[in-house]
Amino acid sequence: MSETVLSLDALTVRLPKGADRPHALSDVSLSVASNEILCVVGESGSGKSMMANAIMRLLPNEVTIERGRMMFDGRDLCAADPAEMREVRGAGIAMIFQEPMTALNPLRTIGDQIGEMFAIHTGLSKAEINARVQALLEDVRIPDPKAAAKAYPHELSGGQRQRAMIAMALALDPKLLIADEPTTALDVTTQAQILKLIRDLQQRKKTAVLFITHDFGVVAKIADRVVVMQHGAIVEQGTADAVLNDPQHAYTRQLIAAVPPLTAPPPRILSGKDILTIDGVSKTYRTGGFLGRGARITEAVKNVSLHLPRGATLGIVGESGSGKSTLARCIVRLIDPDTGSIVLNGKDWAKLGRDDVRRETRHIQMVFQDPFASLNPRRKAAELVAQGPIVHGADRATAIAEARKLFELVGLDPSAGDRYPHEFSGGQRQRIGLARALALKPDVLVADEPVSALDVSVQAQVLRLLAELRQQLGLSIIFITHDLRVAAQICDVVAVMKDGAVVEQGLTAEVFGKPQHPYTQALLSAIPGGKFAREHSTAAE
Amino acid sequence: MDAVKRYFRSPAAVIGLILLLLVIAMAISAGLLYPRDPLALAGRPLIWPFSNPRFLLGTDNSGRDIAAQIFYGARISLLIGGVATVIAILIGILVGAFAGYYGGWVDNVLMRITEAFQTLPNFVLLLVLVAVFGSTLTTVTIAVGVVSWPAPARLTRAEFLSLRNREFVQAGKTLGMKDVQLILGEILPNALPPVIVYASVVMAVAILLESALAFLRLSDPNVASWGNLIGLGRDVLRVQWYVSAIPGIAILVTVLAVSLVGQGLNDALNPRLKSR
Amino acid sequence: MRILSLAGRRLAASVPTLFLILIGVFLLLQLAPGDTVDALMAQMGGGDAATAEALRKFYGLDLSVPAQLGNYLWHLVRLDLGFSSIYGKPVATVILERLPPTILLMTASLSFAFFFGLVFGVIASRGVNRWPDTLISTLGLIFYATPSFWFGLMAIVVFSVYLQWLPPGGFEDIGTVQTGIWRVLDIAAHLVLPTLTLGLIFLAIYLRIMRASMLEVLNLDFVRTARAKGLDETHVITRHVLRNALLPMVTLIGLQAGTMLGGSVVVESVFSLPGLGRLAYESVVQRDLNTLLGIVFVSALLVISVNFVVDLLYARLDPRIAAEG
Amino acid sequence: MDLSRLEINRRTALLTSAAIAANVINPMRAFAQETPRKGGVFNVHYGAEQRQLNPSIQASTGVYIIGGKIQENLVDLDANGQPVGVLAESWEATPDGKTVTFKLRKGITWHDGKPFTSEDVAFTAMNMWKKILNYGSTLQLFLTAVDTPDPQTAIFRYERPMPLNLLLRALPDLGYVSAKHLYESGDIRQNPTNLAPVGTGPFKFVKYERGQYIIADRNPDYWRPNAPYLDRIVWKVITDRAAAAAQMEAGELHYSPFSGLTISDMARLGKDKRFIVSTKGNEGNARTNTIEFNFRRKELADIRVRRAIAHAINVPFFIENFLGDFAKLGTGPIPSTSTDFYPGPNTPQYPYDKAKAIALLDEAGFKASGGNRFALKLLPAPWGEDISLWSTFIQQSLGEVGIQVDIVRNDGGGFLKQVYDDHAFDLATGWHQYRNDPAVSTTVWYRSGQPKGAPWTNQWGWEDKTVDATIDNAATEVDPVKRKALYADFVKEVNTELPVWMPIEQIFVTVITAKARNHSNTPRWGSTSWHDLWLSA
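Protein chains in written order, with my numbering: chain A, 78 to 618; chain B, 852 to 1127; chain C, 46 to 370; chain D, 355 to 891.
One chain only, chain A, in its complex shape (with noise of 0.2 Å):
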C-alpha cells in the first residue's frame, strides 16, 4: 500500500525586502505517498514552483527557509547540510522542469547529461552507465535511442528533449518525482503523450509524483489528489473529483469557471458578404545554403484559400509550426507572400506597393502574443495609442485625445495614459495592444495568439472584451490560437492548419462537434481533460 513519501509541515519561505509580497510560501502543509500523482495548481506568483524549489533546497541565496519542516525519507530536510542534501537529489528526490529548450547543458550528449547521474551516484563502470542509459532511453518511447544517446539537445525535438529529461529523472528509481510544469511548452498531441509516459512509469515504478500546473485540463487528467494554492497558501486541498466536481474555497470555483468549456456556444447569425477573401496564398523560406546549394527549403504556407464573412470571427488553429503565424503576417504584409491574392473591400491586398500598403494598412490592424514585447518601453501608453492617428496625418492632440477615450472602451482607466508600459499587468498591456489597433478603425482586426501569454481568469476577462467590441463596432476578426478551447469560446468559423495547409475549416460547431480530418480528430482528442471539459461546460451553462 502506499507510505507517505513527502510530508511539509507549516513550510513558510521569506521573500527579500522590496518583493511584493512578505512570504512566497505561508504555512504550507502537505504530504505525498507513494504511487500517487499530487496535482499543485494555481496561477503564475502563487509559489507553487518556489514550494518545488524549497524543497529541493535549491532557493536562490536571498530567499530563506523561515520555519517549517520538510520530512522525507525519516529526515528533515530543511535540517539537512549540503552533503546530505546533494544525496538527496536525483536519487531521492528528483525534477524535471518546464522549459525543454534549456534545461539541458548545449555543449554535451543526451547520453553523457543522463549518464552523469550514475557517475555522482553510483560507482558503476562506464559501459554499464551506456547499457543503463539506453535502457532507459528505451523505457521513454524516444525514438532511435542509440542516436539520440550521441545526439546534442539542439537536435532533438521539444518533445524528445522532455523524454530526455524524464529519464534522467528516473534514472535512480528516485522516490519521488517532482514535475514543474514539464508539458507547458508543449504542443498539445504532444503534452498528451508525455503525460501518458508520465503516468505509465509512475504507476510502474510506484514513484510518488508532485506535479505543479496552472492547467486544469492537465489536472483532470492525470491527478489523484488535487492542492490549490493562492498568493503562497493553500486554499483547498482533496481528491481529484472533489476538487473538480465540488470546488469549497470561491478561489477554486472561479478558476474552474475560468476555463473555457470545448463546446462552442450557440452560433451567431453571419452576413452574407465576405470582408476579405484569401485565395491561394503560399509562402516558402530558403536559409542557409552556400551560392544556391544545400539550402532547406521550408514551404511555411501552401496555396491556403479562406473567407471572412463581414463581422465575424474566422478562427485559425494548429500547433507550432503549422504555418498560422506566417499567414496572418502575411494578411497584414509585415511578410510578402510568394503567391496568390488578398482581397479586403475589394482591394487586392497581395499585389500593393511598399508604399501603397504603408497607406492603406489603416483598413487592417494587428494584436500581438508577447504584452512585454509588442509595446516599446520608452513610450507613455496614451503615446503608444495615438501613434497611429498622427502616422496617418492626425495632429497630435486630437489625437492624445481620442487615444484616452480608447482607454475607456477597451476598460483601462483614461489616467493611466501617462504611465510606462511596465508598469501594468500582462492583461492591461493586451487591452493597450488592442487600443492602439483599433484608433485606426480597421475593418478587419488580426489577433495573433493574443491571450496565450496570459493567466486563465485574465484571458477570460479579455476574450470577454473581444466579444463585446466585436458587437459593437461590427468588428471582423481572424483569430489565431493553438487551443483549441479559446478558438470554441470566441470564432464563428474555424480552421485547422496543419504543415502550412488547411486541412479543414467550416462552422466552429460542426469542425468541433464533427470532426471530419483525422487530425483534427486527434487534436480534440489531446485537449487534456476533454470530458471533464464538455461535462464541466453543461454544469456551467
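Just so you know, these hints were derived from the structure itself, not from any lab.
Don't take each hint at face value.
[What the hints assert, rightly or not] Residues on chain D that point at chain B, a partial pick, calculated with CB under 10 Å:
hint : residue
1    : Ala596
2    : Ala600
3    : Ile617
4    : Asp619
5    : Ala621
6    : Asn675
7    : Phe676
8    : Ser742
9    : Leu743
10   : Gln750
11   : Ser751
12   : Glu754
13   : Ile761
14   : Gly767
[Stated by the list, open to error] List of simulated lysine-lysine pairs, PhoX-like, C-alpha gap at most 25 Å:
hint : chain 1 : residue 1 : chain 2 : residue 2
15   : A       : Lys482    : B       : Lys1024
16   : C       : Lys102    : D       : Lys484
17   : B       : Lys856    : A       : Lys428
18   : B       : Lys1029   : A       : Lys457
19   : D       : Lys806    : D       : Lys485
20   : D       : Lys485    : C       : Lys134
21   : A       : Lys591    : A       : Lys575
22   : D       : Lys561    : D       : Lys534
23   : A       : Lys518    : B       : Lys1029
24   : C       : Lys134    : D       : Lys534
25   : B       : Lys1024   : A       : Lys518
26   : D       : Lys485    : C       : Lys102
27   : B       : Lys1029   : A       : Lys428
28   : C       : Lys102    : D       : Lys452
29   : B       : Lys1024   : A       : Lys424
30   : B       : Lys1029   : A       : Lys424
31   : D       : Lys484    : D       : Lys452
32   : D       : Lys561    : C       : Lys134
33   : B       : Lys856    : A       : Lys94
34   : D       : Lys485    : D       : Lys534
35   : A       : Lys457    : B       : Lys1024
36   : A       : Lys518    : A       : Lys482
37   : B       : Lys856    : A       : Lys457
A virtual CB, placed ideally from N, CA and C, is assigned to each residue, including glycine.
With chain A held as given, fit chains B, C and D onto it using these hints.
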C-alpha cells in the same frame, strides 16, 4: 528614477563618479589656480616635488610647472577623450543602424569595412593618420575618433539585429510607419543605452591612445597634455622619475573613473526590455 | 568537414577586406608630406637635388599614383611585397626577420592574458560581491587604466636597473653566442617584462568578460538541472558552466588580435624589441610605403588566421555552430 | 614672468659640473705604462639604424661609427687635429693647386684577400665621391680625373685650384675608399656589399641582424703590426635612450657615442666612477643650434625683427639650465673648436636684452595689440633632445615679447620637405654640422642659388651678392692665411645680416667605460678605426 537609486547603491560606481568630478573640477579650476600659460617658463627645470613651495609638484625638464600642466592636462584629456568618443559613437551608430536594420548587401558591405578597420592594427592606422594630417590637437582628436568606431558599430548592429524583429517594431510597421520613423522613433531609443554605456570604454581607450601618441612625440606640442609630459619625462626617467610618474597616475585615475562610471551605468541602466 | 567549409567561407570573405585595407592605406599615405627619399636624406645628413632625383626614380616614386598602386597590387598578387627603401632588401625578408619577436610577444601576452583572465574571472564570479570579487575587479580596472608605456618604463626602472633581475631590453643577449636551451631561456628572460606590459590591458578585458559570462551562465536553466542532479558546486562549474562561459572569451581572441598588434608598437619601442610593431612605426616615419603595406598585409593575414583558428575552436566547442549555417 | 627675478643659482642641481670638468680635463688619468691587453668584446650603443654602412657613399656619423672600423680613409687626423696618412703614406700638391698626388701605402689587402691599389682610389673618387657622396659631390665638383701611373700612386687632377688644407681637412670624413673589384658592376647604391662592407680596416664584418645588432671581428692580417687589440666589436641597436642608459649601467654596453644618451643620464653617469663622460674626442664633430628665418614672411624680412628675436632669447640662461657644460655660447657659423678658421669672438653679437628687443619690434611697426604682435610657425627638427628643449625655450621667450610661436612637429621626412623644399615654415631650428672646414658643409647655409629641396642649405628666400662673392673666393683661395681672413670677413657679413642665427655651439658627448684605453685620442675618434683601442681587465 530607480535606475539612479540602483546606480548609487554600488560603491565602485560612487567612487568612480567622485574621481570623475574631481578631474572635471581640476579641468574647470585650471584657469583660476594657474592663470599663466602652463607651457611658460616658470622656474629652474627639474625641481623635485614638495621641495619648493612655489611648485607643489616640481618642474619638468623645460622648467614648466608640473601642477599647472596636470590641471590643464585634465582639460585636454577630457576634451580629446570626449570629442573622440562622440565621433566614434556617431559613426558607430550610423554604420551599425544601417547594417543592422537593412541587412542583406548593405550589411555585408558595411561589415567588410568594419572588419577592415578592426583587422588593421588601430595604432598603426593612427600613426598613418597623424603622419598624413599632422599632429595638431584637432587632427589627433579626429584620428583617435576615426580609429575607434568599429567597436560601437558592432554593438549597435547587434542591438538593431535583435530589436528589428521585436513585435513592437512590427506593430510600428503595421501602423504604416516609414523605415526612418521606425529606426529613429522605435529602435534607436532602445538600442542606445548599451551603446552609451560602451562610450565609457571608448573614452578610456581614446585617452590611452592620445597619451601613447604623445609618448612617441607625435601629439600636439603646443598643448599641455599629460601624454606630452610623460614623453618629456622619458628623457629624465632614471633620476627625476616623477616627471613621468605624476601624469601617468593622472591618466590612470581618469581612465579608472571613466570605466567605473561606465560599469555603474551599465548595472543600473540595463534596459527594461532586455532584463525580462 | 562542416567546420572547415564554414571557416573557409569566412577566410574567403576576408580577402576583399584585405584589399580594401591595402588600397586605403596606400592612398592615405600618398597625402603625407615628404616621401621616403626625404626621410633617407634626413638620415644621411644631407645630399644634393641630383642624388634625390636619382633616388626618386630608383624607388619608382616618379610614376603617377594610380600607376604606383597598379604595379604594387600586380606584384602583391604574385606575393612579391616589393622592395624596402629603408633596409635596401625585399620587404618579405625584412618582415620575416622581424616576425619571430612579434609572434612570440603576441602569443606570450595573449596566453598570459587569457589564462589569468580566465582564472581570476572564475574566482571573482564564485565569490561575487565578496572581497575576492571586489579586489579582483578593481585590480582589473587599474590594469586596464594603466598606460602600457608608463608601466613598461617603470618596470624597467624597478626590475632591471634597481633589482637587476631582468634585462632592460632587446630580444636576446648578443655578444655571447648561446645555443639550445640557454638561448631559449635568454630570450624568455628578455620577454618577461614586455609580455607583462602588453598582456596587462588584455588581462583586464578578459577578466571582466569571463566574470560577466560566468555570472550569466550560472543563471541558465541547465545549471539548475545540474544542481538538481546532486552535483556539488565545483563539479557544476567544471563540468557544465566553464565550457559555456568560454564561448565569448574565444570570440574575443579574434577581435583582440588586431588591437594587440597595435599595442606592440609602443611596447616594442620601450623594450627595443625588433618586432613588426616598431618596424611599422619606423616605416611610417621613414615614409617607406612598401614596408608599411607589407606589414599591414602580414598583420592582416595574422589577424585573419587567428580568426580562422578561433572559428575552428568555436565550432569544436559549440556543436550548434557546426550544424546550421 | 621676468627671467631676472628667477633665483638663478650657478651650480644647478642638475649638473655638478665640477665633477664633469674633472673628467673633461684629464680623461686619460696617468697610468703606469700598462701593456695593452689583447682580446675582449667591445659593445657599442647604436641609436639610429642607417640604410647602409658604406662611408664612401654616405657621410654621416651614423655610418662612420660602423663603416669607419671596416673601411679606411686616405687621410685622418692625429691627436692634435693635424692630417696624418692612413691608406696614403705621403702627398704633395702643385703650386697652382690643380694637381694633388698621393703615395699609397704598400702591402695592404682587402678583407677578401685582394690587394689594395690606386685603382680602388681612382674608382671610388670618380664614381662615389664625385657622384653619390653627400657633400663629397660639392667638394669634388671640379675633379676631372684620377690618374694611376702605378699601383702605389694616385694623381687627382682639378679644373679649378683645390686648396690642399681644405682637401686634407675634408678627406677624413669624405675620403673613405671602397674596393673597385666589388663595386665595378651594377648600381653602386644597390650593391649588397653596402650592407656587408669589405674594407682594409682593423675589423672584418661578420653579421648584421636588422633591428638587433652588427658584429665585426678582429682582422688577423691588418697592415698595422699586432693591431687591433680587441677580438670583436658588437653594435647593439637600441632606439630608446633610457633603455640604453639602463644597459650601460647593467654592464651590457661599453660605449655610447655622439650624445646617444639623454642629458640627465649623461650627467648622472658622469658622477659614476665606472664611466667617463666627456666631449674629448669629438672636437671634429662640432655642431651649432640654429634659428632659420623665412624671408617670405614680411615680418622676418625686416632685419630689426630678426635682431629683436635674437635679443629676446636669454641663451646663457638656456645653456646653463638646460644643456649644462656640454654646450657653450656660439658666436657664428664657425665654431671655436675650429682652430684653423675660428675668427674670434669680436664679430656682431646679439646678447640677451629684452628691452631692446621690445624697442626694435615697436620701431619695426608691429604694435602689441592685446599682448600679441604676430604669430610665427616654428618647425623643429625631430631628432635631438636639445632641439626640442631649445624650440620650447624659443616659444617661451618670444611669448614674453609678444610674438606667439606655434610649434609644428614633423617626422624626419616631413621636416625636410616642409622646410627645405616647400618652404612652408616661418622659423625652423635644427643642427648645423661643421666638418673641419667651412667650405665643406657651412657656407652652403648662406651661398645663394642652392637647388630647391637640398636640405641644410640656404632656402631662406635671401640673397646677398657680397656674401656670395666672399664664399666663392674663399673656396678657391690656395693660401691658408688669406683663406682664413676671407672666412673672418664671411662671418662678420653674415652676423650683421643674420639670415640664420647660430647662438649655441655644442660638441658631441662620449660616454665610455673607464676600463677603455687609447680612447678619445683624436678629434673625430668616434668615427676612426679604433685600431689601438683596448679594454683593461
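inquiry  = Of all the hints numbered above, which does this structure not satisfy? Sort the numbers upward.
reply    = 17, 28
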